[in-house]
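A.B. asks: The chain contents come next:
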Amino acid sequence: MLLEAERISVSLAGRRVVNGVGLRADAGQVIALLGPNGAGKTTLLAALAGLRPFQGAVRIQGRALASLNRRDKARALAYLPQGQIAHWPLTARRLVELGRLPHLAPWQPPAAADRLAVESAMQRTGVADLAERPFDTLSGGERARVLLARVLAVEAPLLLADEPVASLDPFHQLQVMELLRDYADAGAAVIVVMHDLTLAARFCDGLLLLRDGARVAQGAPEQVLSAEHLADSYRIAALRGEYQGQHYVVPWQRRTSESGPP
Amino acid sequence: MLGLTALLIGLAAAGLLVGQLSLNPWRTLAELLGGDPRLAVIVWEIRLPRVVLGLLVGASLGLSGAALQGLLRNPLAEPGILGVSASAGLGAVLALYFGLAQATLWALPGCALLGAFAATLFLALLAMRDASPMSLILAGVAVSSLAIALTSLALNLAPNPLALSEMVLWLLGSLRDRGLSDVALAAPFMAVGWALLLSAGRELDALTLGEDAARSLGVGLGWLRARVIGGTALTVGAATAVTGSVGFVGLIAPHLLRPWVGYQPSRVLWPSALAGAALLAAADLAVRLIPTHQELMLGVVTALLGVPFFVHLLLRVRRTLP
Numbered sequence: 001m002l003l004e005a006e007r008i009s010v011s012l013a014g015r016r017v018v019n020g021v022g023l024r025a026d027a028g029q030v031i032a033l034l035g036p037n038g039a040g041k042t043t044l045l046a047a048l049a050g051l052r053p054f055q056g057a058v059r060i061q062g063r064a065l066a067s068l069n070r071r072d073k074a075r076a077l078a079y080l081p082q083g084q085i086a087h088w089p090l091t092a093r094r095l096v097e098l099g100r101l102p103h104l105a106p107w108q109p110p111a112a113a114d115r116l117a118v119e120s121a122m123q124r125t126g127v128a129d130l131a132e133r134p135f136d137t138l139s140g141g142e143r144a145r146v147l148l149a150r151v152l153a154v155e156a157p158l159l160l161a162d163e164p165v166a167s168l169d170p171f172h173q174l175q176v177m178e179l180l181r182d183y184a185d186a187g188a189a190v191i192v193v194m195h196d197l198t199l200a201a202r203f204c205d206g207l208l209l210l211r212d213g214a215r216v217a218q219g220a221p222e223q224v225l226s227a228e229h230l231a232d233s234y235r236i237a238a239l240r241g242e243y244q245g246q247h248y249v250v251p252w253q254r255r256t257s258e259s260g261p262p
Numbered sequence: 263m264l265g266l267t268a269l270l271i272g273l274a275a276a277g278l279l280v281g282q283l284s285l286n287p288w289r290t291l292a293e294l295l296g297g298d299p300r301l302a303v304i305v306w307e308i309r310l311p312r313v314v315l316g317l318l319v320g321a322s323l324g325l326s327g328a329a330l331q332g333l334l335r336n337p338l339a340e341p342g343i344l345g346v347s348a349s350a351g352l353g354a355v356l357a358l359y360f361g362l363a364q365a366t367l368w369a370l371p372g373c374a375l376l377g378a379f380a381a382t383l384f385l386a387l388l389a390m391r392d393a394s395p396m397s398l399i400l401a402g403v404a405v406s407s408l409a410i411a412l413t414s415l416a417l418n419l420a421p422n423p424l425a426l427s428e429m430v431l432w433l434l435g436s437l438r439d440r441g442l443s444d445v446a447l448a449a450p451f452m453a454v455g456w457a458l459l460l461s462a463g464r465e466l467d468a469l470t471l472g473e474d475a476a477r478s479l480g481v482g483l484g485w486l487r488a489r490v491i492g493g494t495a496l497t498v499g500a501a502t503a504v505t506g507s508v509g510f511v512g513l514i515a516p517h518l519l520r521p522w523v524g525y526q527p528s529r530v531l532w533p534s535a536l537a538g539a540a541l542l543a544a545a546d547l548a549v550r551l552i553p554t555h556q557e558l559m560l561g562v563v564t565a566l567l568g569v570p571f572f573v574h575l576l577l578r579v580r581r582t583l584p
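Protein chains in written order, with the numbering used here: chain A, 1 to 262; chain B, 263 to 584.
To be clear, the hints were calculated from the coordinates, so they are not data collected in a lab.
Heads up, some of the hints might be wrong.
Claimed, not checked - To give an idea of the interface, some chain A residues facing chain B are shown, with a C-beta separation under 8 Å as derived from the structure:
| # | residue |
| --- | --- |
| 1 | L68 |
| 2 | R70 |
| 3 | K73 |
| 4 | P89 |
| 5 | Y243 |
Remember, it's a predicted structure, so these values are computed and weren't measured experimentally.
Glycine included, each C-beta is placed from N, C-alpha and C at the ideal position.
Please build the complete structure, drawing on both the sequences and the hints.
C.D. replies: Listed below in C-alpha cells is the structure:
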C-alpha cells in the first residue's frame, strides 16, 4: 500500500477541522477528496503532506511520515497547493525546475536527470512552448498546467493536488484529469481535492466524501455519489446517469430541510 | 554580471583618484606613479578606506535587501524602509550615549547588531502571521519612526556638542573620515552575514510557490528565516555601526536587476550585492564632488535617489495586490 492514513484528526486554532478520517491509496489509484466548502478537504490533504500537525498515523510506502527527514519526505510526496501561487513572475521553465529541489545536491547545478524530468513534465502538460514565458503573462489554464508540471517534475510516488481543476475551462479540466490519471497509471498514487462530481466519478478509483471534518461515505464512485450521500453532505439533489459505461452527476437543486425527496 | 563588475571597478578607481584636490583622474594617477608622497597619503590612507568601506556597506545593503524581499515575497522590503537600519543606528547611538562605546571597541557594533536583529525579528514574526505586504511596510515605518524618535531623544539629551555631532552621523550616514580599522571592525560580521544570506538562494526560489509548497519541497522554513534574519542583522548592523543608517540601497539594487535575471530570487542575490556596492560608490563620489559648503551626508543622497523608486514600486505593488 503506497499511502495509509489512519484516524487522522487535525485541529486548527482550537477547532477540530478533521475528525478521525482514514484513507488508503495503492499505486495506480486516483482518490478524490470531496465535500462542501469547509468540510476539511484541504486541511486533510495538507496533513497528509505533513504540513499540518495531526493526530493519527500516516505511512508512505510503509514508512511513517513523521520518521522521514525533510529531504526524503520531499522526494516521497509532491504537493500542489490551492490557488495558482507564484510570487515572482519567473518563466515557466524556472518554475517547473523548482520541482527538482528535493533531488539537487547542495551547491551543484541540476544534473541531466533533473533536466530530463523538467522537459518530460513540460511535454506531458503541454507547456513546452511556454517555457520562456514569464508566469504573469500566462492565462489561467496555462498557469494551472505549468504548476502541475512543477509537481510532476518532483517524480514522487505520491501526488497530492488541491483543486487542480478549479477555475479551468472544460477542455483544460479534462486535460488535467487525464494527466493525473496517466500519472497514477504510471505507478503513482494521486490524492486530489475537487468539486466536480462528474470528473471525480469518471477519473477516480475511489472517493472520500467529507462533511464537517468527518467521513460521510468512502469507496467506489457510484456508491459514494448516491442520492442519499449527496443530500447528506452537499445538501443537493443531482441528476445522475450513465454514458458510455461511465457515471455522470449533475448538481440540480438545493435541498433545504423542508423539501422532500427529489 | 560582467558589466556590473566593470562598472564597480571603474567607480572604485574613480573613488580613489578623484576628489577635492583634483578632478582629473589621469593627472592624479600620473602624480601618484611619479611618487608624490603627499598624494599617496591622501589616496591610500584617506580615500582607500572610504572606498573599501563604501563597497562593503553597499554590497551588504544590496544583498540583504534582495534576501529580505525573497523571504517576505515583497519587493518593498528593504533594511532602510523596514526600520532595520534605523534600529541599528539607535543601537549605535545608545552605545555612545551610555558611554559603552568608550569602554570597549566591540560595544558599538554589538549594540548596532542587536538593534538590527530586534527589528528584523519583529518584522519576521509579523510576516509569519500572514501580514500583507502593505501592513508589513507600515509596521516597518512604525519601527523606523520609533527608532528615529528614540535616537533624536538621545541627541536632545546629549551631554555635549561633540557627542551630538558624533551621534548625528548615525541618523544620516556618511563614509567620511573612516579608517581601515573601521573596515576591520565591520568586515568579519559582514562576511558571516553574506554567507548566511547567499546560502538561502534555492530556498528563497522555492518560496516563490508559497510557504506550503516550499515546505513540501523540503525547505525548513524556520531555519531559512533564522538565516535571513541573522544574515540581515549581521550585515546591516555591521554596516550601520561604521557608516550610520544609509537607506534605499537595498530597495534600488534588487529592483534594477530583477528583470535582468528573470525575477528569480536566488539569481538576484549576487548581482544585488554588486549593484549595491556600485550604487554606494557612485553616491559617495557624488557626495564628494557636489560643491557644497559642508559635505553632503551619504544617507541624504541615497534617500533622494531612493524615494522616487519607492513611490514607483508602491504604485505598482498596489495595482497587483489587493
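A.B. asks: State for each hint whether it applies.
C.D. replies: Going down the list of hints, with the structure as the test:
1. Nearest Cβ of chain B to the Cβ of A/L68: about 10 Å, over the 8 Å cut. The hint is violated.
2. Given the 8 Å rule on beta carbons, the hint for A/R70 holds: about 5 Å separates it from the nearest Cβ of chain B.
3. Interface hint status for A/K73: upheld, as the beta-carbon distance to the closest one in chain B is roughly 7 Å, under 8 Å.
4. Taking 8 Å as the C-beta cut-off, the interface hint given for A/P89 holds, the closest approach to chain B being about 5 Å.
5. Taking 8 Å as the C-beta contact cut-off toward chain B, the hint placing A/Y243 at the interface is violated, the least distance being around 37 Å.
Checked against the numbered hints above, the structure violates hints 1 and 5; every other hint is satisfied.
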